[in-house]
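Enquirer: These are the residues of each chain, in order.
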Amino acid sequence: LLILDGDKIIGLNGSLARLLPNPRAFYLGCGLNALLPGLRPQTVPLDCEADWVLQLAHETVPVRVIAQTVMLDRRPHLVIAVRDQRERLRSEQEVRRVASTDTLTDLPNRARYNAVLAARCASHRAGDGGFALITLDLDRFKVVNDLFGHDAGDDLLQRVAGRLRSVLREDDFVARLGGDEFALVAEGLGSAERVHHLADLVVDLLSRPYLINGRVFDIGASAGVALHPGDGAEPDTLGRHADMALLRAKDDGKGTYRLFEPGMDARIHARRRMESDLRRAVQRNEFEVHYQPQVNTRTGGYDGAEALLRWRDPAGGMIPPVEFIPVAEETGLIVGLGEWVLHTACRDALDWPDDLRVAVNLSPVQVRDPKLAEMVAAVLRDTGLPGWRLELEVTESVLLQDGAATLDTLNRLHALGIRIALDDFGTGYSSLSYLRQYPFDKIKIDQSFIRQIPGDAGCAAILRAVVTMGTSLGMATTAEGVETAAQMRFITSEGCDQAQGYLFSRPVPQDKLVAMFAVAMFAAGAVPA
Amino acid sequence: MPIQRLLYQSESLITGTETDVRDRVAAIVAGAQRRNERDGLTGALLFVDGLFVQVLEGEAGRLEATFERICRDLRHRRIVLHEFSEAPERVFAGWAMVAVPGGGKGDGLFTPAAGDLPHAARNTVLARAALGLMRDRLAGAAPNAGCR
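Read top to bottom, the protein sequences are chains A and B. Quick note on the working numbering: the first sequence kicks off at 841 and runs consecutively. Quick note on the working numbering: the second sequence kicks off at 72 and runs consecutively.
It is worth saying that the hints were derived from the structure and are not from the lab. None of these values were measured; they are calculated from a predicted model. We treat Cβ as the ideally placed atom computed from N, Cα and C, and that holds for glycine. Wrong hints could be hidden among the right ones.
[Claimed, not checked] So the derived label-pair ranges between C-beta atoms look like this: (1) ARG858/A <-> ARG140/B: 41 to 47 Å; (2) PRO73/B <-> THR1308/A: 49 to 55 Å; (3) THR90/B <-> LEU987/A: 29 to 35 Å.
Can you build the whole structure from these sequences, using the hints too?
Expert: This is the structure:
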């Protein structure tokens, strides 16, 4: 508090005196200007506080002032309250800092990144060299979190932040966008060579080993680069294009970087369109299940049929599975679709002769689902199909996933009486050693081998070896893609148990299949009741 | 007392005349000596044909922190960690950091191609060979202040 008589200071209280460099007496008799330069007694507001600065010896303190008139010795005096604002301003700044900072790594956060990117895009003029936006993503970070806990994961992210800071030059900017995503804004790189050099350096830097609590983590990182303004003048476009380049780097095997190219836009758009079409198709149920019969090589009769998913788009065309299955797997839509196929196939099989089996494919994504065996059991219960009439086909890639969990899932399915078949044998990572460990009832030899027999000696030898191995392990063998009578004769003579292919039938809808089965039974003299 | 030891190799990004490069590598060794003495670490650095091979040994936490600083260093790249394991005793007990003389028999170990060895092979073959080679080269050299 400060008491004025006219323009003269006649009193200061203790708390104000403590702020000031000189003793209290020094100020008595001075003008208001000595402490609050430029402030005149008449203009000090009476109703609300005003910002001003308090003059100390060599520095100033931000303050707020408000005045009141009081009667002293029957004369009006002005009493001015002076409030130090330093603490408030500091805490406000701290709040702003916290709001724009990622607390784990102490890097700017996504909100700050958005603001900085927008500001940089706005302030750059055409022809001034622009800047590069690099978005980054760690390649195997999830493994660290899952296997070694969040403490190890947090430690690692802090180290990543430290390494990224080491490449920053003046005016560069790095932020953590969330999870294991980071972004770097690099100014004035000028030449393409320097852009490549920086991207390579950043990937190298983050791919170096991390030593945490006696363990070595080899994580790796991928980066996508978009250049302002050529790849996008607006922050949204630029950011999206850097992300597309990043996706491309990850698709190309990770541990690398890619610069944005206009073609990526089209490819990713096509991919997105496929994804949204697929979601719509699931909702409208544009799918059908077709069946390809499997023939017993000894009797020549039918053993059953394999269920195959077909997508008929509204225009009437068929979309090949190779185009939509990978998208369905990546988006997780395969889980629902797979269940629908299973349900449909089990229900349809009830209309077949009751000694025939139905084979249904399982995607690796489904096999990874720990609830798969329960789901299959529920479908059998709902439809009433006996377990022994169902055969589930898995590909070799399934075996590369978490071995113990996969084995457990397959064993639980096997325990339901379901037969398990190994599909497309020979195309993947064929290792004879794992065949023994898994409960396979049947090996399906890939059509790429069958196509070349009996002419190709190598393929013939492979077929013979697989049949022999199957026999010794107690597993049946099926030849896929049998198209000619010569192929059929050869596989039969080699002891293959079953054949499937165009020689017998293409995949057909349920009604056609049922008709084929009926004809076969009629021919065999067993007319259905 | 068991200690932790690591051995890595990396490609140098230091450019300049032969003298410049030598001076800068010497400065790296001098800086490492100072810090390692403080942190109780010992080790050796071999610089040959643009490749660094460094051994560091000491208490695990200090070693990890030092390696992280090495990984933030922009003067080299393509770091390959060949060994990171517990060891019964220090090999370079006399040296906080020492430059191993290069240009002799056995330096062919440290070619970029050696980095292509499968991981397990790198660990056992290269790390052991490199460690032995560096120790032999230092036989008879005067120790600087290190940890005994």
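Enquirer: Run every hint past the structure and note whether it holds.
Expert: Right, here's what the structure says about each hint:
Remark: the range hint 41 to 47 Å for ARG858/A to ARG140/B is upheld by a beta-carbon distance near 46 Å. Checking the proposed 49 to 55 Å range against PRO73/B and THR1308/A shows it holds: the Cβ atoms sit about 53 Å from each other. Restraint check, THR90/B to LEU987/A: a C-beta distance of roughly 49 Å breaks the suggested window 29 to 35 Å.
Checked against the numbered hints listed earlier, the structure breaks hint 3 alone; every other hint is satisfied.
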